[in-house]
Amino acid sequence: MDNVIRRRTPAARCWRLALHAVLILAALFYLLPLAVMLITSVKPLDEITAGTLLALPQSPTLAPWAKAWGEACTGMRCEGVGGYFFNSIAIVVPAVLISTVVGALNGYALTKWRFKGSELVFALMLFGCFIPFQVVLLPMAQTLGWLGLSSSRAGLILVHVVFGIAFTTLFFRNFYVAVPTELVSAAKLDGAGFFRIFWRILLPVSAPIIVVSVIWQFTQIWNDFLFGVAFSAHDTQPVTVALNNLVNTSTGVREYNVDMAAAMIAALPTLVVYVLAGKYFVRGLTAGSVKG
Amino acid sequence: MTHSTSVARPARAAARRSSAGHLQAWLPRLVLAPSVAVSLFFVYGFMLWTFILSLTNSRMLPSYDLVGFAQYARLMTNDRWWVASTNLVVFGALFVGICLVVGALLAILLDQRIRQEGALRTLYLYPMALSFIVTGVVWKWLLNPGLGIQAMVRSWGFEGFTFDWLVNPDMAVYTLVIAAVWQASGFVMALFLAGLRGIDDSIIKAAQLDGASLPRIYWRVVLPCLRPVVFSAVMILSHIAIKSFDLVVALTGGGPGYASDLPATFMYAHAFTRAQIGLGSASAMLMLGGVLAILIPYLYSELRSRQHG
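Each protein sequence line maps, in turn, to chains A and B.
Quick note on the working numbering: the first sequence kicks off at 1 and runs consecutively.
Quick note on the working numbering: the second sequence kicks off at 1 and runs consecutively.
Note that these hints are calculated values from the structure, not bench results.
Source: prediction; values computed, not measured.
What you were told as hints is all true, and nothing was included just to trick you.
Output of the computed footprint for chain A on chain B, the stretches with three or more beta carbons under 8 Å from beta carbons of chain A:
| no. | region |
| --- | --- |
| 1 | 181-187 |
| 2 | 248-254 |
| 3 | 286-297 |
Glycine is no exception: its CB is placed at the ideal position from the N, C-alpha and C atoms.
Extracted from the complex, chain A is given alone in its bound form (with noise of 0.2 Å):
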């Protein structure tokens, strides 16, 4: 590879130039349905009709924001996103920080405080990372209703938070075998606890993974859908059923405009969460779905 790159023949130019266009090309294919979203969603409804999907906008309104944030029609309500949106973090986040919490006290338990067994429990933990959860909805629906949580935020919070643990206890308990056990022998011997060791030695040393841990649980519950959609009711509803009401409710003329704009809103926050901290959410990525 080296002689291709520092002989600068005519073909090994060529070369550079093709890899490049292919390279440009590939970009321009994922960016492209983005850019579209982007321009339409701050088109005014007759520019679209009228143009094609890549003609910039010859006045740009934020108007199909607004209007998705607080007027369209998700279904019967027509409250806009908005709502949503909230919902959507008042789900998100105490299910992110207890999955997390949880995660890193089981991964550490696992780790370094090995006994009889707890290989064992690890295995049976983590295939709750493969099952499809079809395969859980209907009992969950029923004890969802058992618990007196139909319908409600708790009960989307309880739902991400059991199926959430397999993995942050996945990426904790690999993290962590790493970390040298001799410190955690040494404070032992000191007389330390668990959770003082926890607290003054495996704790400093988590920020990678807690990063890890808390971009994706973030990214895979606000993206969520199908628990969404099964156990929510029209006041409870996350951001992403919203959304597929707005663009599925078929009264009066078609506002892709504001579908655009609806569906940017969905998408911003694990957007910039991507953008802001990528280098993490691909090692939670890998991690996650490698299963170490």
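Mind docking chain B on chain A? Use the hints.
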């Protein structure tokens, strides 16, 4: 451990620890207990529960009158289930295959010391951060024949251009492939790139000294080294394919008719909207079977490769 400390330290400390020590010894197990209980109940218990439901004639509400495997038999003669299963095979094979090819190709090209590699990588990967609902909504707009890509290409002067897969029952399932590949191929690229970076340069140098051409080196030397990456990618992607639900709901709604149904949407429709809980449960169990059919060989080979070093 407790032994050595009790010798080394005054009796006072040892006495304090004997009561607290018991608690300390049990604390890790106590901390894990709720998660284990939750996983036993919500994962294993629910799987069993769904299995039992699949053996009943439950319709609108769960009932527990066992009818054996009648629901599975109904499933086998249900046309919509066959459409959904066939779609999953077509969708899954194309989605996994195309993602692998595109991902591997982009990773190899990006690995040629491209100056803007970081920026390009970010662009290739961002769709993975989006919800499948957002992806579905956007692609529905792009593929809409009246105002989307078809209309745009026609406006460029290609009047006869047709790209109406979204509303064509024979082609709708391929729109799912397009959108899903758009979303996940960048992720496969990231997996391959990480794998490529882990390969020892000297192997490639040696092959170059032997006079092998670049494509040949990649095909014969590099790709075989990446077999574990291919393996995990296949496993993750097929997992995504089997679970695909939101994308179908947002992009095609399973339509036209039920032409682009997948098992996940079939299950949801029957269990939650068509009052066929028994049938829905049976389809969920078959989905679980599908996941296990992929998972078990994967785990088996993982364990074997670890044992052999």
